[in-house]
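A.B. asks: Each chain, letter by letter, is given below.
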Amino acid sequence: MSEASLNYAQTWKKPHFIKSSLLRYLIYVGTVTYFFLAIYTMDVNWTRVAEGIPRGADMISKFFPPDLSDSRGVILDGILESIWMAVISTIGGVLLSIPIGLGAARNLAPTWVYLFCRSIIAVSRTFPEVILAIFAVKFFGFGPFAGFIALAIGTIGFWAKLLAEDIENMSKSQAEAVRATGATWLQWINYAIQPQVLPRMIGLSLYRLDINFRESAVVGIVGAGGIGAHLLTSVQRYEYATTATILFSIIAIVITLEYSSGYLRKWVQ
Amino acid sequence: MPTIETTQGPLWRRRTPLKQWLIWGGWLVGLCIAVYAWQLISEKTIWMFVWDAPRQMSDIGERMIPPDWSYMPKLWRPVWDTLNIATIGTAIAMCLAVPIAFLAAHNTTPHKSVRAVMLFIIVATRSVNSLIWALLLVVIVGPGVLAGTIAIGIRSIGGCAKLIYESIEEIDPKQVEAIKATGGSRAQQMVYGILPQVLPTIAGVGVFRWDINVRGSTILGIVGAGGIGIQLSASINVLAWTQVTTILIVILGTVFLSEYISAKVRGAII
Amino acid sequence: MLRLENLSKRYKTGDLALNNVTLEIPDGQLVALIGPSGAGKSTLIRCVNRLVDATTGTIHLGEREINGLSNRDLRRARRRMGMIFQEYALVERLTVMENVLSGRLGYVNFWQSLFRKYPKENVREAYRLLDRVDLMHMVDKRADELSGGQRQRVGICRALIQDPELLLVDEPTASLDPKTSRQIMRLIRELCEERGLAAIINIHDVALAQMFSERVVGLKLGEIVYDGTPGGLTPEVLTEIYGEEDWEKTIEKVEDDDDVLDEGEMA
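Residue numbers (numbering that gives the first Met the number 0), protein chains in the order written: chain A, 0 to 268; chain B, 0 to 269; chain C, 0 to 266.
Just to be clear, a hint being listed does not mean it is correct.
To be verified - With the Cβ distance kept under 8 Å, some of the chain B side facing chain C (calculated, not the full set): (1) P9; (2) E176; (3) A177.
Stated by the list, open to error - Each computed DMTMM-like pair below joins lysine to aspartate or glutamate, with the alpha-carbon atoms no more than 25 Å apart: (4) B:K111 to B:D58; (5) C:K140 to B:D58; (6) A:K12 to C:E235; (7) B:K73 to A:D42; (8) C:K219 to C:E86; (9) A:K265 to B:E169.
Hints listed in this document are in silico derivations from the structure and should not be mistaken for laboratory results.
Ideal Cβ positions, reconstructed from N, Cα and C, are used throughout, including at glycine.
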């Protein structure tokens, strides 16, 4: 703190997030070029779009009021089918995920088991449920069973991975302490692993139920049961009032699921 | 962990009797739901097909090997389209999701009614799968990449805004209070107090969503909304199984790539 | 400089945090505010710059009455008062320099602050202050990379760059170890003397209060029960403020430590 310190700088600039200016410029230029190319190669038929806007407005106006008549009870049937499909897929998927998740945890499983389980998870995660549903329909026939298979496999990809990660991140000292008492492997799982991962996994199951319901509403488009098929036909037949009913029902159910899952989660915690 | 006093001294039980009954009850209810749901699905299943499945699987499986590599050149354009649908869709969605999130968070919203409207928009756009949006958009703007991009955009608004507004609500209010104490205006409190805390999350959410969208964009072609889904749908319809294998491999590669990029970028942002 | 008249604060829950507090602080005086938890010390400080609004009473900063000010005028009033917080309250993800410059937010418009284009004098003053507190080498580091004592020093710079007339200090040493606490308190006192600043320092450590202030105000259950010199803090007075305790030991310690005071680097 000397008196000669009278000459202080008068300007200051914040250092950039990306320190290397070469890298920074490359990223800027690359991003701009990419967006330019992407938009340029987007094949848009503007006349079709122009024609389509009034058609779209017409469609949306037909949404209100939604057609609640549901003369043959088909819609209600389809929605219930979607709900139950989601429920059973989540339950089945979680049950299957428990052994696979345990096997996919580095600190738990021998290497070959670990690799095997991890590949199952990778494959079931990579493909969207709709693609799984297409194949399920080919193998198991049309109907909700195919949807159940597709969603259950999708659930495994999601749940088992997160379970494995949770186990790998768990507190080592707690696990050690239980092991030191001389517990068997199963007891160890029950006392050391389960209490640490259970709360979060329950929350994740409810989240997955939500996802599965949303997926169950679309797999019908490829024939795997649920409300999706009816949705598709209602659009193809221009029965937009019915489309609206289905859409609003889906939204309403998802909102209900979210609220109840939030409530349930608090109760479990 | 409840202790009960008995005549022989205190007795320990893991849970109170009430809680124990509730938990047993819960399991029972769960079991009933599972059985009921299974019944319903069972009724609608043609079990003959299910038992036939292994035969079907091996049959189709044989036809899928080896993959038709000659089909690859036809796939580059669809892959490019798929990536663009995902990227541009996510970009549009993020531009909208950030302001919506700020209007929805209870500590930055101007008014309760605004918050309610925003929360509704978020739930509504999140509830409906992008495939459904794509279906409707193909009717409006015609088949092609535009429909797919808008569909991904709409769906992602809800997905991104939800994560962002949750993080806005979790900021440390003391940092904002300090800016207020220096005489900063509301806008300055936002820029200096709130924004630095949420910016990393916003970037992370964008990349996370992009990764998910790449996966989602692969199927939009099934309803005609562009991307590799068109090829997939077409090849399956004509039962060209070796082509299907090639397409699946390409999808696998694309998703792996996007996951890798996503993990790397998010690692750098934190 | 600061005049509080009949200040009372009753929270919605019914708690009476401040009960008819009247206090006057002349220019350049350093006042320590002591009292048990819940006595209303934090509330008092926050009422002065209206982070908390008092229920009744008036506050005068210099000639201006602060109570009824509009938002814009309140901003102007706030920039005349520098606040230092218990847990530093720095914006963690911004750099040290940005945190210090944010003290000038009350003086620059939104666009200048957004693009970090502060007037030259401000930047110079920022560097000068950082040099004064020995943090020149940390200018571009992110705030969350600093230690507690360093962060508090950045907080001090932020308060001082406002060129305030009054310092409001809320438990500056609560999160710091004893040695760093002393260094921070000494720094605050020196800076106040250099600039002729008045200051109210809310502090729970009686020994530190006695060591560094010229006037001590004791608050109990929202009322002032002591207002005088540090030397007047006899065990009886302390018992009245805090309740039964062996106060002899606390006070004696202060005299012994005098010799240790003048050593040590900044943490």
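A.B. asks: Now, for every hint given, state plainly whether the structure supports it.
C.D. replies: Status of each hint after checking the structure:
1. P9: P9 (chain B) check fails; min Cβ-Cβ to chain C is 37 Å, beyond 8 Å.
2. E176: Hint on E176 (chain B): holds, closest Cβ of chain C at ~6 Å, below 8 Å.
3. A177: Since the shortest Cβ distance to chain C is 4 Å, the answer is holds.
4. B:K111 to B:D58: violated, 60 Å
5. C:K140 to B:D58: violated, 64 Å
6. A:K12 to C:E235: violated, 56 Å
7. B:K73 to A:D42: holds, 17 Å
8. C:K219 to C:E86: holds, 23 Å
9. A:K265 to B:E169: The given pair, whose Cα atoms are some 17 Å apart, holds under the 25 Å limit.
The structure is inconsistent with the numbered hints 1, 4, 5 and 6, although it conforms to all the rest.
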